[in-house]
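Quick mapping for you: the protein sequence lines, in order, are chains C, F and L.
When we follow this note's numbering, the leftmost residue of the first sequence carries the number 1, and every step to the right adds one.
When we follow this note's numbering, the leftmost residue of the second sequence carries the number 823, and every step to the right adds one.
When we follow this note's numbering, the leftmost residue of the third sequence carries the number 1118, and every step to the right adds one.
In case anyone wonders, no lab produced these hints; they're calculated from the structure.
Here the structure is a predicted model, which means the values were calculated and not measured.
Among the clues, some could well be false.
Dumping the calculated DSS-like pairs for lysine-lysine here, alpha-carbon to alpha-carbon at most 27 Å [to be verified]:
no.	chain 1	residue 1	chain 2	residue 2
1	C	K72	F	K827
2	F	K912	L	K1238
3	C	K46	L	K1238
4	F	K827	C	K46
5	F	K1104	C	K455
6	L	K1126	F	K880
Not everything, but these chain L residues come out facing chain F in the computed CB check (under 8 Å) [unchecked claim]:
no.	residue
7	G1131
8	T1170
9	I1201
Note that CB positions come from ideal geometry on N, CA and C, so glycine has one too.
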Amino acid sequence: MVVAPPKTKTAKKEAQETSKYVGQSVKRREDPRLLTGRGTFVDDIKMPNMHHAAILRSPRPHARIISIDPSKALAHPGVTTVLTGAEVGDKSLPFPVGVVAPFKYYSAAVDKVRYVGEPVAVVVASDRYVAEDALDLIEVEYDPLPPVVKPEDALDPDAAILHEELGNNIGCHRELDYGDVDGAFAEADLILKERFVFPRYSSLPLETYAVISDHDATTGVVTVRSNFMGPFSMHAVTARALNIDENKLRFIVPSDIGGSFGIKSSIYPYIVLISLAAIKAGRPVKWIEDRQEHLLASSCQTDRVAYREVAVKNDGTLTGIKSKVIENVGAYLRAPEPACTFRPIGNFVGPYKVQNVRIDAYDVMTNKCPTGPNRGYGCQQIYFEQERMMDHIAEELDLDPIEVRRRNLIPAEEIPYTTPMGGIYDSGNYQKGMDLVVEMSQYEKLRQKQEEARKENRLFGIGIATGIDPSVSNMGYITVALPPEVRAKPGYLPKSGSAESATIQMNQRGKVSVSMNTTPQGQGHETVVSQIVADELGIRPEDVVVIDEFDTAKHGWFISSGTYASRFASVGTSAAVLAARKLKKKIIRLASALLLVSEDDLVIEGGTVVSKSDSEKSITVKRVAGTAHWNLELLPDDIEAGLQARAVFRFPSNVAPDSQDRVNSSNTYGFMAEICVVEVDRDSGEVKIIDWFSVHDAGTVINPMLMEGQIYGGALHGIGGALYEELSYDDEGQMLAGNFMQYVCPTSVEAPKLNIGHICSPSPLTPLGSKGAGESSTETAPAAVASAVADALRPLGININELPLNPKKVWTLIHEPQPENN
Amino acid sequence: MKPAKFEYHDPHSIEETLDLLKQYGWDAKILAGGQSLVPTLNFRLASPKVIIDINKVKDLDYVQETDGKLAIGAMTRQTTLELSEMVRSKCGLLSDATELIGHPQTRNRGTVGGSIVHADPTAELTAIALALDAEMVIVSTEGKRTDSADDFFISVMTTNLEPEEMLVEVRFPVLPSRTGWAFEEFALRHGDFAVVGVTTTITLDADEVCTDARLAAIGVDETAFRDSSVEEILKGEKITDLVLQEVGDKLSEKVDPFDDLHASAAQRKHLVGALAKRSLQKAKTMAVHNSKRKK
Amino acid sequence: MDNQYRSIKVTVNGEEYHRQVEPRRLLSDFLREDLDLSGTHVGCEHGICGACTVLFNGQTARSCLMFAIQADGAEITTVEGLAIDGQLHPLQQGFWENHGLQCGFCTPGFLISAYELLERKPNPTEEEVRIGLSGNMCRCTGYKQIVDSVLDAAEKMRS
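Isolated chain C (complex conformation) (with noise of 0.2 Å):
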């Protein structure tokens, strides 16, 4: 069952009155290219001359580089160069982050390895197979090190340190504490805790990361294709370990990019490593990563440990919460970590009107590949915990779950909310999400059949999870990981807002370009550009040409470009609209230039400007756009020749962290909730989907079926994380799940149907009313997946407070209780 979209006619505000194709299931202008193998991806793309790299990888987790000798295998036919380690560490300076730790990553490791897969060398050579053989020629000596894998033995005070100048493996550390935490926990009636361990894993994108360097010896320019995705921050980050001016540093994106969820924002080391080689090697260098590098060194989310808190009353309310983190953020902090803890801190109390909250949060450094965004970026783990807690209060008092949710929701007449945190949420009505999740999965009657499933002792469980979306990041968030006092400095430069810009052009004969530079992954932007611009001129969209390429030698373009944080539907969509309507503009201004009638009284219709008092005042669009073109001695001196617009839109509320941490630190909040039904197989331990509910409120939906192909998408990651997928590591921090066999990614067999349906609030925020979407049930599925199986062994007294519950550590839990369980 899908419950359709509401008509946005309803939803939308009063300048979409006339939308004919926003809202509407469009169909992607991007698939005839992918559907007949003429898509363009990095690895597509040859260069004259063009050599090819691979990468010599750390097999130890921890070590000291005692040697490195390189010399058998630049004899080796066809090698061109080798670049080791060292190297990178005289070419080039440790990328920048924004953490006080004064700690040094490079590209490779320069004195000493820190996680299994960290780069060693690069060989480049006239083939990818040949540079291969060589990998195998080049003789590395290690001094083995104690490793360290767990976040929680990362804090101990005996671990090994990985960072000598360090002192510890802490790479950053808050203490963040808003209203009044120790009168809610003083004046509660229960209080309860709990430790949560969350797991690594990826959204894992099918096409590995891919790199083409080019550098230019006569002008310094280093030309970098890549499936980079933003936020291009990094390509400060880039050029600053590169040690060469910004605008010597060209970042080229092709049309297509296969799948990222994040992970591909953290390319940017192999961009600088791949680069110093093609510099060394003096021609272009390709290296596509293969799949067993991906697993072992490419960016993953974090695994971390988590202890909760939580103030109650007797009548369910949530008063307070204590929460300690511990993330693990791998061998090196890299930027845009330790985001991992502070993008979700506006939204961290979810839909709930809790008003007292501390956090006191630690990224620690361990001998494990480092990590980055990943799709739900940090929101999967607190829903985890928050929903866990939640169905504990309704245990301990007796209440249904879903009840104890319903009392603790933010009641719609006091939305626009502001959290704790200093979060805004825009628009929503979770009573009405959580009541239609509830009507959709005829819950009363779920909870009969599961009765009649534990009197035939079946494991049968029913679970729910609610969450807050937040989309498109205020950059400013992350510098919540420095102490207010740094952030007070006088030299310092705060960080705030998020921008994105649109190009558009109508050549001389009517008919419409439009340029973005949004880096999209596969989410349709074209076909969505297309549908929003042909709305706002009032042609059709197969009138409009949209190229979605990134290149910033050519584009105007933000530090917070890209697509990441479900940034498109908000942002780029706006920046369309408003580009759009400039032209709008232009062409009516030209247009009462020429007729001689004043702007208010003109309109286009049917592509004709047209003067509402008196008809036979009118001229095509099409002329006016010739002569803008062709003829511009008709033009008034004050417009510019051509019909182009490029607009940028910013949001209003986007302000840097206060002295009291606060900060908005997104820009719209859709709403999810999830009811997930399982049972559980005692003999293997397998935990069955048998059936999934799931409300969305992202907005106006511009346009449902690729919406559906979002939330489709995003749930399959999150139950892959629950369910199937870990990056797990043995405890001598050797790497077990390098290959597909070992990493198991759901395929169609084990992939659930949803029940999807929608509630709209438009966000005031957006000229449509949109906001993103494409993170919402990857946030919530895992909670909603943990909260059933809980419910289904509840039975068995078996509490859940760990994933992923794969078969093994199901059946474990099943068959040999734990008296303490970790």
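Fit chains F and L to the supplied structure of chain C, relying on the hints for placement.
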């Protein structure tokens, strides 16, 4: 992930192949369907000096009935097991179990002989071969020998094949009437190598008393596992829940499985018993059904 | 053994190609690099993800698990060969209409696998489609719209 260099030979006959095997011995690796070998080469977990590609060797891809047995050429693709009418009518267990082996794309290339020789301890075909006392027809320049599945499988990915030998045919018995079969397995995903699997056949007499029972399990030992004392419990008995329970318990007790990333030893030990019961129940139901059909 | 390059003749999408290949050259690299047929994608190089699936003598195969040298004399169909004279194959049409792709990286493999699936089972159930496609990984769609696409194409191909 590109393979290291190797010397490539693509003989057209068994004789040529055997000469090459004799010449290169341990340095050579036979390439059949390649669904296990090529990943190993791509990861450079193996870098054999010589690859002998037997895809062009004639007369290794066939299914025929010989001396009351179903003779399957070593290069017969797994897809053939799924689609061949002869396999379905003579040894339906093979047809039914094939859907559990990988995916259509791997079965189109993967071969019966390749899977058997690879001897992965969780490969379905090894269990069927062991349960049904399949015979391995093995040749070398020295001649031909026939070996039982029981002797053939030695340990993890190890058989008793000598480097100069090759498997050319596997002979499965034609399943008798009044027989039912099943292959029950638990895998993390559809098409994955099993965590644990149990294949069974049950033959019943007119009174639904079990006259023959066979059972082999995968994922619980270094090779497929079969124990006659487990099968004996069934023979001469009516297949009741009680009997199934006893078989399951006995099997669980007999196996000594291993721990790995995806399942614990205790879990495998438990699961093999549960799957044995499910498998036997299914086989019995089918045997009853098949008996009625024969009447 | 360094000069073991061999001449091969391969027919891809009806066009005959003659090339010299090193024995270890993977068929996937041969198609993409040597023939510039970059529609076939490489996602894992160990035979799990299915992105590189092609029709090899009419049957699906992982091109990352074959050597180009083995394709001597073979007929191969890649995603570039599905549309004829600019007319999309019903499967391609089905994927387009049902939003069966997002990033499009896995799509060529899915199309080829679905092609064989419908050849063997022209009227599949949803479960049969899900099982038939379980050798292909998609990370964007959650599979639902892919399954819809194949069922839709099957219906159109039957009528």
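So, going through the hints one by one against the coordinates:
1. With a C-alpha separation of about 17 Å, the suggested pairing of K72 (chain C) with K827 (chain F) holds against the 27 Å cut-off.
2. A threshold of 27 Å between alpha carbons decides the hint, and for K912 (chain F) with K1238 (chain L) the separation of about 24 Å falls inside it, so the pair holds.
3. The suggested pairing of K46 (chain C) with K1238 (chain L) is violated, with an alpha-carbon distance near 40 Å, which exceeds 27 Å.
4. Only pairs whose Cα atoms come within 27 Å are accepted, and K827 (chain F) paired with K46 (chain C) is accepted, the gap being roughly 25 Å.
5. For a cut-off of 27 Å, the pair hint linking K1104 (chain F) to K455 (chain C) stands: about 25 Å separates their Cα positions.
6. Restraint check: the Cα-Cα separation between K1126 (chain L) and K880 (chain F) comes to about 21 Å, which is no more than 27 Å; the hinted pair holds.
7. Interface hint at G1131 (chain L): violated, since its Cβ lies 21 Å from the closest Cβ of chain F, which is beyond the 8 Å cut-off.
8. The beta carbon of T1170 (chain L) comes within 5 Å of a beta carbon in chain F, closer than 8 Å, and the hint placing it at the interface holds.
9. Among the interface hints, the one on I1201 (chain L) is violated; its C-beta lies about 23 Å from the nearest C-beta in chain F, farther than the 8 Å criterion.
Violated hints for the displayed structure, listed by number in ascending order: 3, 7, 9.
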